Amino acid sequence: MAGHELIDGHLAALARRLPAGAVGELADGLTETWEHHLGAGLPPAAAARAAIAEFGAPEQIVAAFVAAAPGRRTARMLLATGPLVGACWGATLLAAGARAWPAPAPAAALVVAAVLLAVVAALVVAATSRRSYRRTRLGAAGGCALIALDATMLTAVLLLAPGPAWPMLLAVPASLARIGLTARALPAALTR
Amino acid sequence: MAGSGQELKGHLDVLLLATLAAGPRHGYAVKEALREGSGGRFDLPTGTIYPALHRLEEAGLIAGSWSAVDGRRRRTYRLTVAGERRLHADRGNWREFATAVTALLEPGPWPATS
Chain Z
1 MAGHELIDGH
11 LAALARRLPA
21 GAVGELADGL
31 TETWEHHLGA
41 GLPPAAAARA
51 AIAEFGAPEQ
61 IVAAFVAAAP
71 GRRTARMLLA
81 TGPLVGACWG
91 ATLLAAGARA
101 WPAPAPAAAL
111 VVAAVLLAVV
121 AALVVAATSR
131 RSYRRTRLGA
141 AGGCALIALD
151 ATMLTAVLLL
161 APGPAWPMLL
171 AVPASLARIG
181 LTARALPAAL
191 TR
Chain W
1 MAGSGQELKG
11 HLDVLLLATL
21 AAGPRHGYAV
31 KEALREGSGG
41 RFDLPTGTIY
51 PALHRLEEAG
61 LIAGSWSAVD
71 GRRRRTYRLT
81 VAGERRLHAD
91 RGNWREFATA
101 VTALLEPGPW
111 PATS
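Here the protein sequences line up with chains Z and W, keeping their order. Start counting the first sequence at 1; every next residue gets the next number (the working numbering). Start counting the second sequence at 1; every next residue gets the next number (the working numbering).
One should not assume that every hint holds.
Chain W is faced by these chain Z residues, among others (derived, beta-carbon under 10 Å) [unchecked claim]:
hint, residue
1, Thr33
2, Ala64
3, Val66
To list a few chain Z residues with every Cβ distance to chain W over 10 Å, as calculated [said to hold, decoys possible]:
hint, residue
4, Glu5
5, Arg16
6, Pro43
7, Arg49
8, Ala113
9, Thr128
10, Ile147
11, Pro162
12, Pro173
13, Gly180
Since the hints were derived computationally from the structure, they do not count as laboratory data. Bear in mind that the values here come from a model prediction, so they are computed numbers and not experimental data. Heads up, the beta-carbon is just placed ideally off N, CA and C, and yes, glycines get one too.
Next up, chain W with everything else stripped away, as it sits in the complex:
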């Protein structure tokens, strides 16, 4: 989706961490998990996933390792302990935020203030 990059701004890091929560994945698998997990809404160009993963790796939230698959070099990423902590904290923050926004946006009888 053309606009999904903009739409994801500020949330991409936690979503990438979440795609690694179930176990290690390589770049293409992370991108597929993001697309499938969002019902197709977050479909980023695969090539732009890699720099985001590198940024998370530099921050110590994920760790990458090279292996050989079908004669190609493949880099697979897993969550670090710091990454798991960050994911847990961001999940909690998001739940609180989403609950507050939903409460405000849902139509309903507003209590009268006087």
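Just chain Z, same shape as in the assembly:
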């Protein structure tokens, strides 16, 4: 880049913490700010310092990107709706007498519970991130895992439940809706 070393240093600090696409756009903006100050008659180093001051400190810019990160928003949406979907499934399993379902149900239930705990932990990290863009990416990972969990539960109920139980009328649409919402949010969370 045909910029000043201070400009390049600022961009390198941002590149360590933000996605490449965002840094390309920031590079254009910062370079243009620098050229603006050069055009106003400042010497290169002073113009670079003025441009950086106008552009914002890396912490401030990263915090703004984190606050708007799609992964963080997805994680917050999933954490807000999770208890409701979970309660629907809890009621379904109780009503369907899941304890009496044939093996491998008990072992599979342990695996599902462990994955669910890991997913919740990942979503909490993504949803509460304030300074790390990398952490917000856990929102996309958690979303993918949650789609798999929802699909697992739907399949299990279809294959194993001895008969219909009324809470299924809530749990199945809730899971399907969550799969749809998450799938819609994932492209931005995965690519940004």
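Dock chain W against chain Z, hints included.
Here is chain W on its own, set in the frame of chain Z:
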């Protein structure tokens, strides 16, 4: 201005949409339009404008496209039809709100109630 980020909370989206009403702009031009259009009052750090634009793009209110300028990659944003609709609706809401607040804040003889 240090406090302008806080001051703009809740209004930034519509102001960013308004800066694109006259035609497409890139991030730095959006920031300059915001600063100049507000008489210098809303002078946000340029770097923090980009995530706000990305959020509006994800919401489908603006659309960005890459081009090459002076050997650099530049992303330019324009209003979408949904963005124009939102801007129009938010403008109407703001006018009503501002009229009501101005009516209450302006000193004047209050009608006596009994």
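To see whether the hints hold, each was checked on the structure:
Interface restraint check for Thr33 of chain Z: the shortest CB-CB distance to chain W comes to about 6 Å, inside 10 Å, so the restraint holds. Satisfaction of the interface hint for Ala64 of chain Z is found here, the shortest Cβ-Cβ separation to chain W being roughly 4 Å, below the 10 Å cut-off. With 10 Å as the threshold, the beta carbon of Val66 of chain Z comes within range of chain W, its nearest partner Cβ sitting at about 8 Å, so the hint holds. Every Cβ of chain W is farther than 10 Å from the Cβ of Glu5 of chain Z; the closest lies at roughly 17 Å, confirming the non-interface assignment.
Non-interface status of Arg16 of chain Z relative to chain W is upheld: no Cβ of that chain comes within 10 Å, the nearest being about 15 Å off. Non-interface status of Pro43 of chain Z relative to chain W is upheld: no Cβ of that chain comes within 10 Å, the nearest being about 21 Å off. Non-interface status of Arg49 of chain Z relative to chain W is upheld: no Cβ of that chain comes within 10 Å, the nearest being about 14 Å off. Separation of Ala113 of chain Z from chain W is adequate, the least Cβ-Cβ distance of about 33 Å exceeding the 10 Å criterion.
Consistency note on Thr128 of chain Z: stated as away from chain W, and its beta-carbon is indeed over 10 Å from all of that chain's, at 18 Å minimum. The beta carbon of Ile147 of chain Z sits about 19 Å from the closest Cβ of chain W, which is more than 10 Å, so the claim that it is off the interface holds. Listed as a non-interface residue, Pro162 of chain Z keeps its Cβ farther than 10 Å from every Cβ of chain W; the least gap is roughly 44 Å. Separation of Pro173 of chain Z from chain W is adequate, the least Cβ-Cβ distance of about 26 Å exceeding the 10 Å criterion.
Against the 10 Å criterion, Gly180 of chain Z stays outside the reach of chain W, whose nearest CB is about 17 Å from its own CB.
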